[in-house]
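Chains as they are written, first to last, in this note's numbering: chain E, 7 to 274; chain P, 82 to 435; chain Z, 13 to 370.
Bear in mind the hints are in silico, worked out from the structure with no lab data behind them.
Please note that a few of the clues may not be correct.
As a list, the in silico DSBU-like pairs of lysine-lysine whose alpha-carbon atoms are at most 35 Å apart [what the hints assert, rightly or not]:
| hint | chain 1 | residue 1 | chain 2 | residue 2 |
| --- | --- | --- | --- | --- |
| 1 | Z | K192 | Z | K124 |
| 2 | P | K91 | Z | K192 |
| 3 | Z | K79 | Z | K116 |
| 4 | P | K91 | Z | K116 |
| 5 | Z | K79 | Z | K167 |
| 6 | Z | K116 | E | K95 |
| 7 | P | K430 | P | K262 |
| 8 | E | K99 | P | K184 |
| 9 | P | K91 | Z | K181 |
| 10 | E | K95 | Z | K167 |
| 11 | P | K430 | E | K99 |
| 12 | E | K95 | Z | K79 |
| 13 | P | K262 | P | K272 |
| 14 | E | K99 | P | K262 |
| 15 | E | K95 | P | K262 |
| 16 | P | K184 | P | K272 |
| 17 | P | K91 | E | K95 |
| 18 | P | K272 | E | K95 |
| 19 | P | K184 | E | K95 |
| 20 | P | K91 | E | K99 |
| 21 | Z | K79 | P | K262 |
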Amino acid sequence: MRVRPLGVFAVLYLMFLYAPIILLPIFAFNDGTVIAFPLRGFTTGWFAELTQIPALHEATLNSLIIACSVAVLATCLGLFAARAATRYKFPLKGGIMGFIMLPLVLPEVIVAISLLVVLMQLGIETSIFTIILGHTLLCMPFAIAILQGSFSGLDQSLEEAAVDLGETRAGAFRLVILPLVTPGIIASLLICFIISLDEFIIAFFLSGNEPTLPVYLWGQLRFPARLPVVMALGTILVGLSIVLLIVADVFRRRGLRKMGQQDAGGFL
Amino acid sequence: MAQGLSREAKQGLTIVSPALIFALLLLAVPLLTIILFSFWTQNFLTIDRTFTLENYSEALTDPLYRALMMRSLRISASVTAVTVVTAFPIAYFISFYVRPEKKALWLFLITIPFWTSYLIRIFLWRVILAYDGPVNGTLLELGIIEEPLSWILYNANAVVITLAHAFAPFAILPIFVSLEKIDRSLLEAAKDLGEGAVMTFFRVTLPLAMPGVLAAVLIVFIPTVGDYVTPRLVGGSGGTMIANMIYVQIFDLSNRPMGATLAVVAMLTVTITLAWAILHMRFWVHLSDRVGGGVAGLALAGVAAAVDIGILWWLFNKGDAWFGPAGTLGIMAAIMVFGAVSIAVLLPKGRWGI
Amino acid sequence: MSEPLIAMRDVNKYYGEYHALRGITAEIGAGEFFSLLGPSGCGKTTLLRAIAGFEEISSGVISLLGKDMAGVPPNQRPTNMVFQSYAIFPHLSVKQNVGFGLRKSGMGVAEKTRAIGEALEMVGLGHLGGRAAHALSGGQRQRVALARALILKPKVLLLDEPLSALDRKMREDMQVELMKLQREVGITFVLVTHDQEEALVMSDRIAVMFEGEIAQLADPEVLYRRPATKRVADFIGVMNFLPGQAADGTLEVAGLGQVDLDGTFVPDGSVSGACSVGLRPETLTLLADGEAGSAREASGVIDEVVYYGDMTYYDVRLEGLPEPVRLSMRNIVGRDVLDVGAPARVAWDPRAMVVFPD
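Construct all of the structure, not just a fragment, from the sequences and the given hints.
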């Protein structure tokens, strides 16, 4: 095969994209307290140490609670919005959908501080609950984007055909629409879970004294001695994200195959 | 209701309402609140709720805020430029050279890093770019440099590199989508009509990909202006951006109104800058079309752009003497908004989706 | 026609300001193959969907079997539909698709299986029951859609442009098959199409629609030979329109001569003054050299020749006519195809003339 300059560039670019992720496990298994080359030797000690930190376990639990709640909440809200956007015409549709999708481009800091200011003003203590709200706001556009993909692939006459064949609207939704968008729903749940699990800024601003994993990590970054442990934790997080992503993508593709459609690309 | 909505409209509104109400409560209300806050002042532990423009006048005149805002814009612009310029060839490669059944895999590979912990990725750039990090190590080893580069960490350059990495998929995907939409027979038609590969690219492919490029610009530029983590971790003191100052105001100085003001100013600045840039681009393209495109069109558009930018540049640098710092920025904003609005009103939406 | 199966009375439909159906009144009998024919945007699909119950009408009455259907949802109407896209459920197998409507039928499993098998057999897909729906070809999808609708034994089968997605050969085969199927099951078919040939081939009666109104409702032959308006005449098949002048029972046709108005067909009953005289291409005959002509003969020059294999179309420029007239000749043995520029004699017959007022 002829080597194309563009192909070489693409491979180099992929290396650039993956550089941090590849370094992560290297340092996580490196038997040295300094995060720098040269490497010292192989150890799983840093991973073992993870099990010894109660604060970390608490943060993990918080993060899991938040991520699960956010995944469900954002996907439910996203289902409604995506359904409305693909199936119905209503006044101000462009504006309404644009507004709901706004957190996708708005700087997170802006979202975070404005939420924080309101909460402070209302006298609501920041907690896991407030992070869930903030993350749901952030994840909703992603859920909508994924679910819209599932909904827009549906021929509207499928639903009409079901009604024509004797089903009620609800029956048509349950027997035809739902099975066809289920893969999208699962993908949305997983993606929202990943986003919430990794999200830092909103959690940082709204966490109060209930830190999430990224907030805990942020605190640890200041202590050079803690860095190898952070690397180990990061490796686990990145590994988890990648596994969930692959699962999500498998579901998304399965959904497309079910409908006999061509794979048009990745998420977003 | 007097006019009465159709049944479909009512159903649609009902179904969208949970998400809409949620977004209204958690996005619109907070955004309005910080706008309100920006007109109040912090009085030690209490908030003085008399309406005042004091914060704005401070935000616009204090050289520190100005410098931070300008630096944020500059860094964001660099990130956008770097990201879009490097993303285009990748998107082009995937769209035009990768076999159709492999495209999804490539896109998946490109998006994976994006989904992994943001914090850890950025922190690792600190490791990679460090004085004793792998980049310097490799370059020393290869004898390309005599001593470790110090200009790649704890400054604006490091922020640009790191953000360009973080936002790569945001730029690649929209460009890829617009490239995929190009009917391949258009390229064959261009070649059939006598254009070579290079001119076909410039006369057909690139103009048709422009909507994707502009989407990439927006999607990278807006969030990066407000980035907090990257400047904190790799920016050092020379790479601090406006979001860091907003944080300092709210948490360290407990001056929430000032933090709110800076946030509003940042949003306004970004909005005005982008509206100005995009609508003036419409104007320049229009001018170029008026003289029939080609070299003459390019030249005319270039001159118009130079004049437009020159006026703002001159004002920004020399205006203080006449109008004062706040006055200058006000006049600039007025000119930019007026220009953008008049173009939006007078010129119909043209090519490139703008 | 005894008791009409479908009766529509003054049916109107508005989309906001847009008046999509304008006072449609028609009756469709039991066992009839009825077509709604018209260009896109004429309201034919809207009317079909109104019969199915997917569109609410703004005013008027649609009744099925003598029962007013206002407020009756699609799932409770004795109609079933074959959608333009066929709407085959992609996540179900062929059998599951066909059996979709039987869920609430109260049938046992064995009974359902038999019914599904019969329905598939009826459309010639007996061997494909287990296949995944998205692995079907266009023609097969259409058969599945038919089986799925017919298994419920509806009183009316509604077909929305069912053949438009098929290629020409397949479409012609399916036309015949649909006709056979309709005769076999004996239920009323209401077909929406924009293809006049398709409508002429299959239908017992056709309603031609323009801008939300029925322009003419008649059987195919009447529609073709006795069109009610110039627009219908133009939409169905090809028709030449020659300028004419009617007065005192006689008609002066430009390029042809004078005829007795009584011998022609005048849709409006009477006509006077300027008018358009319609003549189908096959009612004009190109006379060969030396062939004995009649009194009704005009001469001219061949302007254009379009060869179709079985037929040849000639555009002939007649003396005294600004536009050439089109005529068609069957390419029978011994008849040569003439060349452009050749002189031509054209025989015509006043009985084929349809006279529309201008």
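task: Starting from P/K430, check that the Cα of E/K99 is at most 35 Å away, please.
output: The hint holds at about 20 Å.
field: Given hint P/K262 paired with Z/K79 - CA-CA distance at most 35 Å
entry: Given pair Z/K79, P/K262 is violated - Cα atoms ~51 Å apart, limit 35 Å.
message: What's the verdict on E/K99 and P/K262, does the C-alpha distance respect the 35 Å limit or exceed it?
response: holds (25 Å)
message: Hinted pair, alpha-carbon criterion (35 Å max): P/K430, P/K262. Please report holds or violated.
response: Holds, at about 20 Å.
- prompt: Is the Cα-Cα distance between Z/K79 and Z/K167 35 Å or less?
  reply: holds (13 Å)
task: Compare the distance between the alpha carbons of E/K95 and Z/K167 with 35 Å, and conclude whether the hinted pair is satisfied.
output: holds (33 Å)
message: Given the hinted pair P/K91 and Z/K192, is their Cα-Cα distance within 35 Å?
response: violated (45 Å)
message: Would the hint linking P/K262 and P/K272 be met if the CA-CA limit is 35 Å?
response: The hint holds at about 19 Å.
message: Check the hint pairing Z/K79 with Z/K116 against an upper bound of 35 Å on the C-alpha distance.
response: holds (23 Å)
- prompt: Do the alpha carbons of E/K95 and P/K262 lie within 35 Å of each other, as the hint requires?
  reply: holds (25 Å)
Given hint E/K95 paired with Z/K116 - CA-CA distance at most 35 Å: holds (32 Å)
query: Under the criterion that the straight-line Cα-Cα distance not exceed 35 Å, is the pair E/K99, P/K184 satisfied?
result: Holds - the C-alpha atoms of P/K184 and E/K99 are around 32 Å apart, at most 35 Å.
The earlier numbered hints that this structure contradicts are 2, 9, 18 and 21.
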